[in-house]
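In the order they appear, the protein sequences are chains A and B.
For the first sequence, my numbering begins at 1 and goes up steadily by one.
For the second sequence, my numbering begins at 1 and goes up steadily by one.
For the record, the hints were derived by calculation from the structure and aren't laboratory data.
Built from N, CA and C at the ideal position, the CB exists for glycine as well.
Heads up, some of the hints might be wrong.
[Said to hold, decoys possible] Quick list of the computed label-pair ranges, beta carbon to beta carbon: (1) B/PRO85 with A/GLY16: 22 to 32 Å; (2) A/ALA28 with B/HIS81: 32 to 42 Å; (3) B/ARG203 with A/ASP52: 15 to 25 Å; (4) B/GLN45 with A/ALA113: 45 to 55 Å; (5) A/TRP97 with B/ARG24: 35 to 45 Å; (6) B/ALA34 with A/ALA113: 24 to 34 Å; (7) A/GLY55 with B/ARG203: 38 to 48 Å; (8) A/TRP97 with B/ARG106: 32 to 42 Å; (9) B/GLY35 with A/ILE104: 28 to 38 Å; (10) B/ASP63 with A/ASP48: 22 to 32 Å; (11) B/ARG169 with A/GLN64: 46 to 56 Å; (12) B/PRO85 with A/ALA28: 23 to 33 Å.
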Amino acid sequence: MNCVEFEQRIALYVGGDLPDQEMKEVEAHLAMCESCRALEASLRATQDMFLDAAGREPSIDMVQSVHRRVMGKIYEQTADSGSPYRWIGWARQRWVWAAAAILILASLILLRASSKRMTTPEGSYESAKTHSTEASSRQPEGALPLQITEMEPPPDTPSTQGAHLSGKAGSRPSFCLVLSRRGKSRNQDTPEDRHPTMKQFQNQMAGLKPAVLPTDEEDVHKDQAVRMFTENENVVIYWLISADKEDTHEHETV
Amino acid sequence: MNIDPGGALLARSVCPSGWERLNRMRELLLSAQAGDTKAFETVMQSFEVRIIRFAWRQLGDRDEALDASQEIFLRLYRYLHRIDPDRDPGPWIFSIAVNVCRTSARKRGRHRLEPITESMEEGDALVSMDALPYDRMGQMEMVREGLAELTPKEREAILLRDVEGFSTRVVATILRSSEGTVRSHISRARLKLKAFRDEYSRRRV
């Protein structure tokens, strides 16, 4: 066997990559071939140098850069709350911001829609119609800023109407409290009345005297404010009854 | 004699610390597969230096190596469920690395590395290049240029065998090739590097 055929084997031999049998053959050849021993020495020197240079580790900066990028991407996917990278990951995504904007917009629209719906009671009061305070020329003093629901009582007997309001027969309102106000004085609407702050609104309500369901002849001729608590604790309906208004007199028996 | 890093059985019988390492890795892999991101992070940490080094040497370009390394670990995360926790994940991770680097090189549209003419890329390494002795700098440059002289397959084989220390059998598994082919690539690569070194020394003199 000539030396050229041994070259490849010697290249494997320096790395310890030969099976035992071939290794012995190479060693036997090296023992008697000087040029192959020189080749072996040169290959070993190259091997050492190669391992030293190519085996050098990449810089910490490079490693950290990859680490941050990978973990950032992964936390983007998992949205792991415990991650220090989660905000980097999330904030980099433009769709997150778009989704957040859409979500806020949608909830605003929903809120608006639902608050409109809430002013109209359901169930036995389906026939209720709403009108704004501005639309009404005859408002009790300190007109409420909210849309007032004017309810037509269901075509029941007077006693049943009362039962509805107190929640005994109807599904809603589940509870009712009647407030009555003495006197009939009313002021003209002022811009302030139309757009009062919540504080003013609360003051207006505080001016109404709580009362049980009016049964006296006398009481039914006074302005009434009925506050109804529905199943939804966030929904409170005020029913204002003007004592001298023709149609509200129909509610005397309430 | 090289200990096969991919041989779990060998590590278990010969090297107790290797057995402990594998056992710990097994637990980490199981946790990571169960969705523990921190466990995955630890698995990644134990491979990132080697993987980035491999990608850099294989591709010869720092930025390409950064992108490839990122892709390698994201793929590792994506295919985590396919790993057998009872085996050393090293060969499996390196087979991902090989595939990603091949794709990266294909995208670049060149199969051989351009010899890098700019000064030491390891300049941002722990040791400043100015502090390195001249012959060391020469070695780095020479090895880089020498690696660029190899075919991609020869480079893969020599890096996995000599730098990463996998046995020829494991290298064959990683490269989805036969052990004979791998040996052939390795011996050719070593001879080419030796010839390049001889030539390089002559040029310098």
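Consistency of the hints with the structure:
The hint said 22 to 32 Å for the Cβ distance between B/PRO85 and A/GLY16, and at roughly 30 Å that hint holds. For A/ALA28 paired with B/HIS81, a C-beta distance near 51 Å fails the hint of 32 to 42 Å. The hint said 15 to 25 Å for the Cβ distance between B/ARG203 and A/ASP52, and at roughly 20 Å that hint holds. Checked against the given bound of 45 to 55 Å, the beta carbons of B/GLN45 and A/ALA113, roughly 51 Å apart, stay inside it.
A hinted range of 35 to 45 Å holds for the C-beta pair A/TRP97 and B/ARG24, which are about 41 Å apart. For the pair B/ALA34 and A/ALA113, the beta carbons lie near 43 Å from each other, so the given range of 24 to 34 Å is not met. The hinted window of 38 to 48 Å between A/GLY55 and B/ARG203 is violated, with their beta carbons roughly 24 Å apart. Distance hint check for A/TRP97 and B/ARG106: the Cβ-Cβ separation is about 36 Å, which falls inside the suggested range of 32 to 42 Å.
Between B/GLY35 and A/ILE104 the beta carbon distance is about 31 Å. The supplied range of 28 to 38 Å therefore holds. In this structure the hint that B/ASP63 and A/ASP48 lie 22 to 32 Å apart at CB holds, the actual value being about 30 Å. About 34 Å separates the C-beta atoms of B/ARG169 and A/GLN64, a value inconsistent with the hinted range of 46 to 56 Å. Against the hinted window of 23 to 33 Å, the Cβ-Cβ separation of B/PRO85 and A/ALA28 comes to about 45 Å, which falls outside the hint.
Checked against the numbered hints listed earlier, the structure breaks hints 2, 6, 7, 11, 12; every other hint is satisfied.
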